[in-house]
Structure formats: structure tokens, C-alpha cells
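What follows is each chain in one-letter form.
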Amino acid sequence: MEHFLLQIFVFFVAAAIAVPVAKKIGIGSVLGYLAAGVVIGPFGLSLIGNVESVMHFTEFGVVMMLFLIGLEMKPAILWQMRNSILGLGGGQVLVTTLLIMFVSVWFLPGRQALALGLILSLSSTAIVLQLLKERGRYDTSVGRSIFSVILFHDLAVVPIMALLPLLATGGTHEIVQHSGLVDISHFSGGVRFLLTLMAITAVFLLGRFVTRPLFRAIAMTGMRELFAAASLALVVGSSLLMMVVGLPAPLGTFLAGVVLAESEYRHELESNIEPFKALLLGIFFISIGASLNFELLWEQWWVVCLLVAGIVVFKFVILYLIAVLFRLPARERGYFSIVPAQGGTFAFVLLPFAVQSGVLPPLVSELVLTAVVITMFFAPLMVTAWEKFVERRIESKEGTGHVSPQGQRVIIAGFGRLGTDLGRLLISVGIKPVILDHDPVGVEALRNFGFEVFYGDVTRLDLLEAAGAAEASMLIVTISNAEKAKELVELAQKHYPHLEIAIAVDDWRVVYEMKDLGVSLIRRETRDSALDLGMDCLKLLGMHSYEAFRLLRMFKHQDLKASDDLYGVWREKGEETFISSFRDHNDNLAALLQRAQTRNMEEVGKGWASDKIIRATGGQPDDPPEIRR
Amino acid sequence: MDVDAAEAVFRYFPAVDQLVLFKVPSRNTFKIEIDMNKILLLLAHPAFGRSVANAALYSAVEGMEGVTCRDLYDLSPDFFINVKKEQELLLAHDIIIQQYPLYWYSTPSLLKEWTDLVFEHGWAYGSDGNALQGKYFMQAITTGSEAESYTLGGHSSMPLVSYLAPQRATARLCGMRWLPPFVAAGVHYESRAVLASEGQRYRRMLEALQQCSRLEELAEKYRITDGPVPEANALDRDLLQGELNG
Ligand SMILES: Cc1cc2nc3c(=O)[nH]c(=O)nc-3n(C[C@H](O)[C@H](O)[C@H](O)COP(=O)(O)O)c2cc1C
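Chains as they are written, first to last, in the working numbering: chain A, 1 to 629; chain B, 1 to 246.
Among the hints, a few may not be true.
Calculated lysine-lysine pairs in the DSS-like style (CA-CA distance at most 30 Å, straight line) [said to hold, decoys possible]: (1) B:Lys221 to A:Lys539; (2) A:Lys539 to A:Lys515; (3) A:Lys606 to B:Lys38; (4) A:Lys486 to B:Lys85; (5) B:Lys85 to B:Lys112; (6) A:Lys606 to A:Lys23; (7) A:Lys432 to B:Lys112; (8) B:Lys112 to A:Lys556; (9) A:Lys573 to A:Lys556; (10) A:Lys539 to B:Lys135; (11) A:Lys24 to A:Lys494; (12) A:Lys561 to A:Lys133; (13) B:Lys221 to B:Lys38; (14) A:Lys606 to A:Lys515; (15) A:Lys484 to A:Lys432; (16) A:Lys556 to A:Lys486; (17) A:Lys573 to A:Lys606; (18) A:Lys484 to A:Lys573.
It is worth saying that the hints were derived from the structure and are not from the lab.
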């Protein structure tokens with residue numbers, strides 16, 4: 001026990017030091033974990049012993065990762081992007097796999113060559129997304145093309161995982177993962193197939209029909225830890241089910257993820273599973289780093305160099321050809337090809353997996369893994385170089401300086417009566433808001449109306465994160481509970497200072513509290529609807545529409561202006577003076593509106609008569625020379 | 001057309017028998033079959049509740065058969081204009097009249113917005129925009145300054161019709177035939193009684209326009225030329241004196 005705790009302690013400390021450092025130098029957390037592994041491993045400080053067992057245990061992080069990937073796979077989006085995903089992504093994976101296979105067949109047996117091709121064809125989702133976001137290309141047309149490729153990679157891991165064990169030398173169709181619980185291997189092939197099919201169907205049905213009511217019931221209890229337990233149970237359960245029938249566990253969780261991708265509990269699930277996944281995967285990567293055999297690697301350094309060059313060059317060239325084939329605009333082709341030209345995180349998952357399954361010998365795996373690490377390390381540098389030296393010369397036509405609201409991410413917290421109409425407006429304009437609400441019943445009702453609403457407590461940081469607050473440009477707060485609203489605003493300001501915050505509140509006191517917090521857009525919830533109603537009533541009373549409209553406009557404008565002044569009074573002079581100023585303001589408003597109504601148009605018109613004009617200017621106005629004849 | 005309307009023609013144009021300009025109903029029979037020109041009257045007054053002159057004119061013609069009256073500021077107080085609806089109405093009428101008080105030698109702002117949006121490219125103008133082709137366009141204007149001030153060098157600087165150049169050119173570009181305006185000038189000096197009689201003049205004019213079968217010839221006179229601009233209320237004289245007769 002002590003020993004175990006000590007091990008865990010070493011891992012955590014290493015991660016806590018290495019990851020921030022890695023992020024600081026801009027190479028990303030994955031490489032940070034690997035580096036930490038190297039440092040504490042046998043070739044570094046030798047702080048840990050039984051790496052293998054740790055690796056085994058933390059492998060479950062991979063299963064969770066696949067679940068989260070599944071959650072991101074919204075069928076609607078996949079369908080919408082199907083052409084570019086299959087064309088660009090599928091083409092790239094296919095051609096890269098074949099090319100790498102043909103080249104490595106010179107050195108390795110065919111099956112190993114194929115496994116290698118498959119593994120290396122995938123790029124690093126994390127690095128690519130990071131690069132695109134950092135450089136503001138995420139929402140450009142190149143960004144979307146690259147994203148399609150990456151999305152295909154995410155999808156491709158699953159079949160590759162299923163395929164790898166089949167490539168094992170020796171037992172042809174012998175499935176490596178034997179279940180310890182239930183052994184179905186003694187059944188005939190047909191029965192086994194049937195069972196497999198049933199397991200997959202079970203995962204589907206479970207996700208579709210059981211989890212949602214279950215989660216809803218849990219949500220009603222309001223106990224968070226129950227939710228975490230249920231989420232974990234779902235992940236563990238679906239992977240168990242797969243293992244029983246002998247399929248790779250990640251396949252099950254991926255499926256479960258996809259089934260739940262459209263559900264209102266997506267963000268909640270994501271935020272519950274994410275920390276576990278991050279932790280397990282982090283330790284998993286550390287153990288990979290620790291298990292690298294540098295003696296061997298050093299002897300074969302030239303192989304590593306060749307591999308690095310091969311990965312980068314092959315990928316770049318193939319992507320470029322695909323870009324030409326699919327007629328991407330000429331100026332986008334280079335960028336499209338350079339960004340995903342590296343090995344991916346998936347290699348760290350798939351390589352050990354392939355070794356376990358007996359597909360690849362450990363040496364090959366380690367060499368390739370080292371090469372992948374190096375390509376990932378170089379990726380940001382290559383893209384920077386590309387932007388600096390190549391793109392500069394290709395005059396980019398993008399970025400006219402006009403920012404269109406479309407494609408921006410907006411989060412609406414609270415989706416009550418106000419949120420509904422607000423959401424409808426934004427959606428009509430072409431902004432699809434991410435909507436969060438904590439009332440499970442309301443969430444379900446709104447989903448029936450076609451809104452994309454997610455369940456969760458909006459004042460939780462991890463839910464905000466899952467909803468994409470880091471990439472969002474605006475947070476609109478429409479929750480009626482003032483305390484919660486304040487809490488949320490403070491949380492958002494602290495963690496996402498870039499977020500533009502807009503808020504609707506129901507009381508002028510809260511307006512001022514929000515002003516104190518420095519919120520830029522504050523609206524009193526009922527004011528405008530009250531005034532609109534008033535305007536329509538004036539019309540019904542017989543006032544001319546435009547007059548009513550003008551008076552309303554005047555009122556709104558004056559009121560808004562005065563509320564700033566009144567805020568000052570409130571802050572500096574206290575409540576009593578405030579009330580008397582408020583009265584004055586109301587009197588002024590009344591005087592203004594009445595003057596506007598009684599302004600005598602006939603008097604104004606008379607001002608246009610010659611004698612009036614002559615009196616005013618003291619004579620005939622000078623004729624402009626061009627019309628004097 | 002009802003008998004009232006026929007009566008009106010004869011009242012307004014005493015010499016109507018001799019005028020070929022009008023489709024004259026047979027005096028012997030009351031079964032009158034004339035297809036009247038349909039009139040679309042667009043009123044633009046931002047404070048119609050307090051209007052004197054425009055209210056007098058508008059109330060004199062409101063409810064006339066064959067005249068569709070629309071108070072634009074009432075229909076679009078927030079300046080939102082239902083373009084489709086406006087275009088359909090334009091298509092369904094022969095004569096378009098814009099009635100408004102002269103504001104800064106121009107139209108009240110909503111009328112400009114209305115024109116900007118309704119006269120769409122590809123509908124009103126452009127290579128295949130011919131929806132308004134052959135329609136008649138006229139303005140009915142009230143002014144604060146007197147008629148005499150609208151002369152070159154007068155205190156309103158130029159003849160009134162000079163200020164209508166944008167609308168005149170707009171009409172021409174859209175293939176419409178422009179007619180000289182109905183003008184009630186210096187309206188604030190008029191007593192209410194005078195305004196009422198201006199209202200009657202306005203009504204008679206509209207009735208005459210409804211009946212007129214030779215508007216095309218009439219409009220021909222007012223094509224844009226390099227001569228002096230037509231006079232305000234020139235149409236009155238035309239219709240009355242039957243100048244086109246010869
Ligand atoms: C903003 C404004 C601008 C005006 N500009 C002019 C003008 O340029 N020339 C003129 O003769 N009268 C001008 N007038 C006077 C109006 O034309 C006159 O008051 C109106 O025709 C009276 O009609 P109503 O009783 O229907 O309001 C102006 C009046 C206002 C309020």
C-alpha cells in the first residue's frame with residue numbers, strides 16, 4: 001500500500017511539474033507527460049519501479065478518451081461534413097497507410113507494416129486543434145478542411161483498434177482480450193457473432209432509452225456525486241459489455257458516447273468524465289515515457305531520424321495531393337498540408353496496444369514512438385516557419401477586417417422565458433448558442449422544441465469549460481436568481497476574462513451590482529416588454545402609431561441615459577438622495593414627453609412663411625450665385 | 001363607376017362634352033361602364049395627429065372608391081417596411097400618388113426609406129426590372145412657404161418643381177410617367193375653410209385622374225427636357241382647359 005501511494009505520489013509530482021513547463025514552452029501537455037516519464041523513468045532518476053502495471057491500470061484512460069470522442073461526434077455535424085470528412089480525411093488515411101506500408105514492407109513483415117501504416121496515418125488531434133485555435137484559423141475555410149481530416153482520424157481509431165488484434169501473428173482470429181468474467185469462446189462462431197451483435201445493440205439501447213430517464217432522475221435529486229458515479233458506471237459498464245464479447249473496450253464506450261452526443265446531459269457527462277480521463281491518460285503517458293529504452297534508441301538513432309523525416313514528408317506530400325485532388329483553393333493547400341503533418345497522440349495509445357496484441361515487437365514500437373514524439377515536438381515550429389517564410393509571399397485575401405457574428409460561440413446561461421426568445425433570435429441570425437440550464441424538466445421541454453439545451457449547474461467551472469467558454473466570445477446570463485447570476489459573472493470574469501458578458505436582471509438594484517462588477521451589457525428584464533406593451537396601448541387609445549413609437553423611443557433613451565447618472569448618485573450619495581433624484585428624473589421625463597406631444601406643428605409651419613423668415617434673417621436670404629440669373 | 005363620380009366629372013369639367021380626353025358616359029343611360037384608373041395614395045406625415053393641411057386633404061379623399069389610401073407612418077412606425085406587400089399594391093394600381101408635407105425641400109424621411117426598399121433592383125429598375133413600367137407617378141405636397149416664394153430668387157430660392165427632381169428622375173428610371181404635382185402652398189395662412197376647399201380641389205383632381213383616358217398624352221408633355229420646369233398645379237389647368245384637345 002505504501003509503495004503504491006509512493007508511486008502515485010511520484011507520478012503526480014512529476015506531472016504537476018512537467019506539464020505546466022511543457023505548456024509554457026508551447027509543446028503541449030502530452031509531450032509534458034512523456035517528458036516527465038522519461039525523467040522519473042529508469043533512464044532518468046529511476047524513481048519508479050513497476051511501470052507495466054501502472055500502464056495497465058491507467059489504460060482505462062484511453063477507454064474514457066474514446067467515450068469523450070464519441071460524445072463530440074454529433075451525427076448531424078458528421079452528416080453535414082460527410083463529404084470533406086470522407087474525402088479529405090478518408091483519402092489521407094487510406095493513401096498514407098498504403099504508402100507507409102509499402103515502404104516498411106522492405107524491413108518488416110506485411111502485417112506489421114500494415115499496422116504501422118494505420119497507426120502513423122493518424123495525426124495529433126490535440127496539437128492540430130491547438131495550432132488552429134492559437135493562430136485564429138479555426139473558423140476559416142482551411143481550418144474547416146483540416147478539422148475534417150482530424151475528425152476522420154478520431155473516427156478511424158475505433159476500427160483500427162478493432163483491427164489491430166486481428167493482425168497479430170500466430171493465432172489468426174484469436175482475440176487477445178479474454179474476459180475473465182464470462183468466457184464465450186467455447187460458443188460456436190455463429191452464436192458468438194450473435195452475442196456480439198446483441199452487446200452492441202445493448203449499448204445503443206442503454207444509451208438511448210435508459211440513461212436519459214436515469215440521469216433525469218438523478219438530476220432531480222440535485223446530488224452531484226451521484227451524477228459522477230452514474231457517468232463512470234456508464235463508461236465502465238459499456239466497456240465491460242464489449243470485453244465480454246471480446247471486442248475492444250473503447251469501441252463500447254465510443255458507441256455509448258455517440259449515442260449520448262445529442263443528449264442534454266452531454267456537457268454534464270463530459271465535465272464528469274474529463275478529469276478522470278485526463279488523470280488516467282496523463283499517468284498512462286508518463287508510464288510510456290518511463291518505459292522508453294534509450295540505450296536501444298541511441299544505437300538506432302538514424303532509424304529514428306529516417307522515421308521522423310518519413311512521417312513528416314509523407315504526410316505533407318499526401319495531404320498536398322489530396323488538397324489538389326479535392327480542389328482546395330491554391331493558397332490554402334500548403335497550410336492544409338503542413339498542420340496535420342505529424343504523428344498523433346493516438347500512436348501512444350495504439351503502439352502499446354499493438355505490442356500487447358502481439359502485432360508489433362517492442363523495439364519497433366519504441367522507435368516509432370520516439371519518432372512520433374519528435375514530430376509532435378516539431379509541429380508548432382514547422383507551422384510557425386511556414387507562416388513566416390512561405391505564406392508571407394502568398395498574399396492572403398482573408399481577413400477583410402469585417403467580423404461577422406456567424407460562427408461565433410455564444411453561451412446562454414439560464415433558459416427561462418427570456419432565454420427562449422433570445423435563443424430564437426440568435427438562431428435566426430445564424431448564431432447557434434450553447435444553452436445551459438439546471439432545470440431538468442425545462443431542459444427536456446425545450447429540447448422538444450428543437451433547441452440545443454444542456455443540463456447542468458451553470459455556476460460550475462467545469463460545465464462552463466465543457467460548454468466551450470474558452471473559445472466562446474460571449475456569455476449571456478439570463479438566470480433569475482440574482483445571487484447565482486453574480487456568482488456566475490464573477491466566475492466567468494476570473495477564468496475567462498476575454499468573454500463579453502451580457503446580463504438580464506429583474507431589479508434595478510441588481511443592475512447596479514452588475515455595474516459594480518463591470519459588466520458591460522446589462523438589461524432590466526421587464527423594462528422593454530413593459531414599454532412595448534405601453535406603446536401598443538397608446539395606439540389603441542387612438543394615438544397615431546408613429547407618435548407612440550417616437551414617444552416610446554424618447555422615453556427609452558432618456559431612461560437609459562438617466563440610469564447612468566442615477567448610478568452615480570446611488571454610489572456616492574446613498575439611497576435617500578437617490579430616491580429624490582429618481583423622482584426628479586421621472587418628472588423630467590414626463591415634462592419632456594408632454595412637450596413633445598403638444599409641440600404645435602402649425603406654429604412650426606408658420607415659421608416657413610416669407611415674413612417670418614425675413615424677420616429672422618433680417619432680410620432676404622442671399623441667393624446662391626449659381627441660381628441668380 | 002357610380003353616378004356620383006360621373007356627376008363629379010361634369011362638375012369639375014364643364015366643357016366635358018367636347019373633351020375627347022375623357023371617357024364620357026352616355027348621358028342617356030345610367031348604366032355606366034368605364035374602367036377607372038386605380039389610384040394608390042401614400043401618405044407620409046410623421047405627426048399626422050397634429051397635421052392641419054394634410055389632414056384636410058387626406059380626409060377629403062379617404063374612402064373614395066378606387067382609391068387605396070395608406071398612411072405610411074401609421075403602417076411602419078418603426079420604419080420596417082413590408083416590401084412584398086408594398087410591391088403588390090403598386091402592381092395593382094395605375095396611378096401612384098405620394099402625399100406629404102414638404103420638409104426641408106424634400107420628403108419626410110420614411111418616404112425615402114420606403115423608396116429605397118420598395119423600388120428594388122430587378123423589380124423596379126435594372127435590366128429586368130419593369131414592374132412599374134407605364135404607371136403614373138404624382139406628388140401631392142403641402143408647403144409652409146407661399147406659392148410666390150417658389151420662384152427663382154424668391155425666398156424659397158427655386159420653383160417648387162425643381163425640388164422634385166429626384167422623384168421625377170426616379171419615376172423616369174423606373175419607367176413611370178411623371179405628372180406635375182398637386183400643391184397646397186403656404187397652407188398655414190389659409191383658414192380652415194380655405195383648406196377645406198383645397199381638399200375639394202384635391203378630390204376633384206383625383207376623380208378626374210380616375211376618369212382620364214388620355215393620361216399618356218398628358219404625361220408626354222412633362223417628359224424631362226431642357227426647358228423650364230413645369231409649374232406646380234399645372235395639371236389643374238391642363239385638365240380644365242383641355243389643352244390637349246387641339
Ligand atoms: C421639419 C420641417 C421642415 C419643413 N421644411 C419646409 C420647407 O422646406 N419648405 C416649406 O415651404 N415648408 C417647410 N415646412 C413647413 C411644412 O411644409 C408645413 O408645416 C406643412 O406642409 C404643413 O402641413 P401639415 O399641417 O399637414 O403638417 C417644414 C416643416 C417642418 C416641421
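Cross-check of the supplied hints:
1. Annotation: proposed proximity of B:Lys221 to A:Lys539 is violated, straight-line Cα distance about 45 Å (limit 30 Å).
2. Proximity of A:Lys539 to A:Lys515 is assessed by CA-CA distance (about 35 Å); at most 30 Å being required, the pair is judged violated.
3. Between A:Lys606 and B:Lys38 the alpha-carbon distance is near 35 Å, which puts this suggested pair outside the 30 Å criterion.
4. At most 30 Å may separate the alpha-carbon atoms for a hinted pair to count; A:Lys486 and B:Lys85 exceed this at roughly 47 Å.
5. For the hint linking B:Lys85 to B:Lys112, the alpha-carbon distance of about 17 Å falls within 30 Å, and the restraint holds.
6. About 75 Å separates the Cα atoms of A:Lys606 and A:Lys23, which puts this hinted pair outside 30 Å; it is violated.
7. Distance hint between A:Lys432 and B:Lys112 is unfulfilled; the C-alpha atoms sit about 35 Å from each other, more than 30 Å.
8. About 25 Å separates the Cα atoms of B:Lys112 and A:Lys556, which keeps this hinted pair within 30 Å; it holds.
9. In summary, the hint linking A:Lys573 to A:Lys556 is supported, as the alpha carbons are separated by about 25 Å, within the 30 Å threshold.
10. A hinted pair counts as satisfied when its Cα atoms are at most 30 Å apart, and A:Lys539 with B:Lys135 does not qualify at roughly 35 Å.
11. Between the alpha carbons of A:Lys24 and A:Lys494 the distance comes to roughly 20 Å, so the proposed pair stays at or under 30 Å and holds.
12. Note on A:Lys561 and A:Lys133: the hinted pairing is violated, with a Cα-Cα distance of about 39 Å set against a maximum of 30 Å.
13. At roughly 22 Å between alpha-carbon atoms, B:Lys221 and B:Lys38 fall within 30 Å of each other, so this suggested pair holds.
14. Pair hint A:Lys606 plus A:Lys515 does not hold up; C-alpha atoms about 48 Å apart against a cutoff of 30 Å.
15. At most 30 Å may separate the alpha-carbon atoms for a hinted pair to count; A:Lys484 and A:Lys432 meet this at roughly 24 Å.
16. Restraint check: the Cα-Cα separation between A:Lys556 and A:Lys486 comes to about 26 Å, which is no more than 30 Å; the hinted pair holds.
17. Distance restraint check for A:Lys573 and A:Lys606: the Cα-Cα separation of roughly 47 Å exceeds the 30 Å cut-off, and the hinted pair is therefore not satisfied.
18. As the CA atoms of A:Lys484 and A:Lys573 are separated by approximately 28 Å, the hinted pair is consistent with the 30 Å bound.
Checked against the numbered hints given earlier, this structure breaks hints 1, 2, 3, 4, 6, 7, 10, 12, 14, 17; the rest are met.
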